[in-house]
Each structure stands twice: as structure tokens, then as C-alpha cells.
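Q: Each residue of the sequence shown is one higher than the one before, starting from 1 at the first, in the UniProt record's numbering.
Heads up, some of the hints might be wrong.
Stated by the list, open to error - Beta-carbon label-pair distances, calculated as ranges:
{"no.": "1", "residue 1": "His88", "residue 2": "Lys46", "range": "18 to 28 angstroms"}
{"no.": "2", "residue 1": "Ala17", "residue 2": "Leu328", "range": "47 to 57 angstroms"}
{"no.": "3", "residue 1": "Arg37", "residue 2": "Leu328", "range": "50 to 60 angstroms"}
{"no.": "4", "residue 1": "Ala126", "residue 2": "Ala17", "range": "45 to 55 angstroms"}
No wet-lab data here; the hints were simulated from the structure. Positions of the beta carbon are idealized from the N, C-alpha and C atoms, including for glycine.
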Amino acid sequence: MDIASGTNRALTVMMNAMHSAIGENPLMAYLAMMAVRLVELHRVLKPTGSLYLHCDPTASHYLKLVLDAVFGAENFRSEIIWKRTSAHNSANRYGPAHDVIFFYSKNESFIWNALYGPYDDVYVDAFFTHTDEDGRRWRRTDLTGPGTRNGDSALPWRGRNPTDRKRHWQPPSYFYDKYERITGEKLDELPLIERLEKMDGVGLIHWPAKADGMPQGKRYLEDAPGIPLQDIWVDIKPMHNMSEERLGYPTQKPRALLERIIAASSNPGDVVLDPFCGCGTAVDAAQKLDRQWIGIDVTHIAIGMIEARMRDGYPGIAFDTIGVPKDLASAERLAQDDPHQFQQWICWQVGGFPREKKGGDKGVDGWFNYLAAGGKIETGVISVKAGDNVNPNMVRDLGRVMERDKHSFGLFVMKGMPTKGMRDEAASQPVIETEFGRFPALQFVTLAELFQGLKPKLPPLISPVKKASRVETRKSHQPGAQGGLFG
């Protein structure tokens with residue numbers, strides 16, 4: 001897509017202005033890349049949809065201008081500050097501890113589900129000043145409304161007459177709902193005075209010490225929704241090395257961060273799209289909250305991690321992966337079109353993990369972990385050849401890499417069958433004795449064998465990705481009770 005030839009005049013002017021201001025550099029290239037994608041995201045977004053863009057402060061001010069041009073400044077909703085790390089000791093500046101999340105809607109009809117955070121201790125101590133014997137805190141609430149009435153709401157109850165105070169009985173709906181949660185019964189059909197008796201019977205009414213004091217309702221802290229969520233988020237902790245959720249992906253975000261966003265701006269059954277999916281945190285959160293989802297990423301490293309994450313976290317889940325080889329012909333096309341991505345994909349298929357960077361591989365395209373003697377985990381090496389021109393020298397080179405890096409096992413992955421010279425070269429490597437059996441040190445793997453389900457004969461492989469914990473799905477991010485958002 002060419003921004004200059006597009007129909008969004010504001011975006012064209014904005015991008016030209018930024019190009020004039022900051023010149024041609026990696027930042028400008030990034031902004032141009034994001035601009036064309038944001039135009040497409042705006043195009044496919046439903047009228048009720050919203051976009052959240054997560055970035056760091058070095059580019060956030062530029063990206064907001066691009067977002068204003070694409071979505072319209074009137075559709076800017078929030079700039080969320082997320083404290084992503086505890087502290088940084090940075091010389092000559094304040095420690096960078098936050099990221100920015102921009103929230104824009106398609107228009108005024110966007111979905112919004114208000115979320116709540118817990119009350120602070122000062123608020124609780126000031127307003128929830130009473131405590132039951134079981135430790136539950138509550139505050140007093142008036143059971144009457146202003147003005148006098150005729151009928152049940154004007155009747156005296158236990159010697160208290162609301163009419164004398166120019167009021168009438170009017171218990172808030174909270175007490176009807178609370179009674180129903182306690183007993184499973186509804187009060188709506190009962191006479192008003194009988195409703196009050198029922199509420200008192202389950203401990204929902206407080207009687208003051210004064211003989212003529214008016215009874216008051218007990219509104220419990222446990223049922224209070226909390227404080228509406230603000231645009232500074234310090235409660236969602238960043239990923240750390242010991243986190244149970246951590247999969248080893250460098251830019252992985254906490255699932256709680258994506259759960260909060262998805263819960264606020266979508267409903268169960270809605271579709272969530274993450275076009276920069278990484279290791280799949282957004283689609284994981286969407287699945288957990290009973291949303292449909294689409295995840296997009298350009299690397300087979302990310303796609304492999306997402307597939308493993310979703311199958312581990314949601315056993316029996318069904319989803320389609322589009323854009324990865326499904327047969328021999330599509331695998332050969334990938335090898336021809338993008339040898340580096342082919343190498344990444346192959347490494348995942350044989351149970352290993354690929355090099356992320358292109359070039360300078362020193363004969364190594366990936367590795368695999370396996371179980372060695374005494375429960376130790378050791379590493380084997382993978383060499384992938386995407387082209388048709390393979391020869392015994394390449395096999396000999398892999399043997400040298402194994403010797404150099406002290407790998408007992410190596411896999412040579414290729415499109416076609418190895419020649420006799422290549423097989424002879426592999427046979428010159430030893431057969432390794434293990435407690436799991438005897439295995440050739442250097443083995444061939446072909447595309448045809450992979451699609452036939454044939455795997456190399458090796459000791460038990462250890463997954464390169466940390467197994468994701470099983471996830472319990474739910475439809476709501478919070479039960480509506482104090483503490484539910486953070487418990």
C-alpha cells in the first residue's frame with residue numbers, strides 16, 4: 001500500500017510532515033510500516049470495535065499522531081500507562097519503567113465494559129466502618145427514600161414510622177439481590193414490610209442503639225464493585241524469569257494485561273485480532289475469555305510457539321493454521337521463496353528450535369534438546385538445506401560442527417534423498433550408546449519423511465518451549481465483586 005496514493009489526506013500530510021522533521025532513519029521506516037497496517041486495521045474493524053496499540057515512550061508521541069490521522073482525534077479514548085518493570089538504574093535520566101498503550105475506537109458506538117480496581121485502605125477505613133463477627137466489613141445504607149407515600153411503604157415497622165420523618169420505606173435493589181444470593185428466593189411478590197422482615201432475618205439490617213433510631217441496611221465491602229479502572233496500571237506485574245506463565249519468548253506480555261483489554265472492549269463470542277501475535281498472549285487471553293480470535297505473525301518461531309501454547313493450555317482445542325506448509329509441494333515452495341523461514345519451520349517440525357537471525361550461522365540452523373544419561377539435558381545440532389544442490393562436503397561440515405561444539409547428535413535436513421556419498425559421510429560418524437538404545441550420531445531427515453510422520457531415531461526429545469499450564473476458560477474478567485479483578 002502506498003500512503004501517498006491513499007484516500008486519507010490527513011495521513012498523507014502527517015507522514016510527509018514527519019518525514020521532513022525526522023528524515024529517513026529506522027524510526028521513520030517503523031512509522032511508515034505501522035501507518036499502512038493501521039489503515040488496514042481500521043478498515044477491517046467493526047463499528048463496535050476498538051484498537052489498542054502497545055509501544056514504548058520512544059515512539060509513542062509519533063504513533064499517536066499517526067493514530068489520530070487514521071482513526072480521527074475524536075476517537076481517541078485513553079493513553080494507558082503500564083508500569084512494566086519495577087525499577088531501572090539509568091545514568092543521567094529517570095529510570096524508564098513504563099510502556100504506553102493507546103486506546104482508540106472505530107466510532108462512538110464502541111463496546112465498553114467498565115472494569116474496577118480495589119478500594120485503597122484509606123477509603124475502606126473511612127466508609128466501611130463496621131465489621132460482622134465473621135470479619136466481613138460493611139457500611140450503613142438508608143432503607144428509606146425522601147417524601148411520604150401511601151400504601152405499604154408508609155406503614156410503621158417495629159415501632160418505626162418513616163412518615164414521621166417525611167420519608168417512606170425504599171430498600172435499594174442491592175438488598176433484594178443480596179437476599180436472593182443468600183437464600184435463592186425472590187422478595188418482589190411479598191408485601192414491603194414482610195420483605196424487610198426477611199432481610200432482617202438473614203442479617204442484612206442494622207438496628208441502632210437508640211430506641212427510636214431508624215434501621216439501616218448493611219452494604220458489604222465484598223459486594224462493592226471497587227473503583228473504576230483508571231489509565232495508570234501498576235497492578236499487573238511484568239514477566240520475570242521464574243514466572244509460571246513465561247514461555248521464553250523475549251517480548252512476552254502478562255496474560256492479565258491482555259485479559260483486561262479484551263474484557264473491557266469485547267463480549268463473549270466477539271472476534272479478537274492480534275496482527276503482531278508474538279508468542280500468542282492475546283489469543284490465549286481471548287480463548288480464556290470465550291472470544292473468537294485471529295493471530296498473525298511473520299515468523300515460524302512465533303507460529304510454532306503459539307500452536308504449542310494453545311494445545312497445552314486448552315487440550316482438545318481446534319484451530320486452523322494458515323500459511324504453513326501442509327504438504328510436500330507447499331514446503332518446497334517455502335524453501336524456494338524464503339529459505340530462512342523454511343529453516344525455522346523445519347527446526348520446529350523435527351522437535352527443535354531455530355536460529356532467529358539470518359547469516360553467520362557457522363553451520364548451525366537450529367538445535368534440539370534430548371534426555372541424556374542420568375537425567376541430564378543435552379543439545380544436538382540441526383543443519384537445514386533449502387536448495388537442491390547438496391553434496392557430501394555439507395555432511396562433512398556438519399560432522400565438523402558437531403566435533404567443534406561437542407554435540408553427540410546432528411540432523412541434516414534436506415528436500416530430497418541423500419546421495420550415496422552423503423550416506424557414506426554420515427556413516428563415518430559413530431553410533432552413540434545411550435540408556436535408551438543405540439542411535440547414529442548423524443542422521444538425515446527428508447521432507448517426504450516428515451510428511452509421512454517419520455521422525456529421526458533419537459533419545460527422548462525435550463520440547464524447546466516451556467509447556468503452558470492448562471487454562472480455565474470463563475466469560476467474564478471479573479465477577480463484579482470487590483477483589484475479583486485482582487484475585
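Q: Would you mind marking each hint as holding or not holding in the structure?
A: Going through the hints against the structure:
The beta-carbon spacing between His88 and Lys46, approximately 39 angstroms, falls outside the hinted interval of 18 to 28 angstroms. In this structure the hint that Ala17 and Leu328 lie 47 to 57 angstroms apart at CB holds, the actual value being about 51 angstroms. The hinted window of 50 to 60 angstroms between Arg37 and Leu328 is violated, with their beta carbons roughly 33 angstroms apart. Distance hint check for Ala126 and Ala17: the Cβ-Cβ separation is about 51 angstroms, which falls inside the suggested range of 45 to 55 angstroms.
In summary, the structure is inconsistent with hints 1, 3 from the numbered list given earlier, while agreeing with the others.
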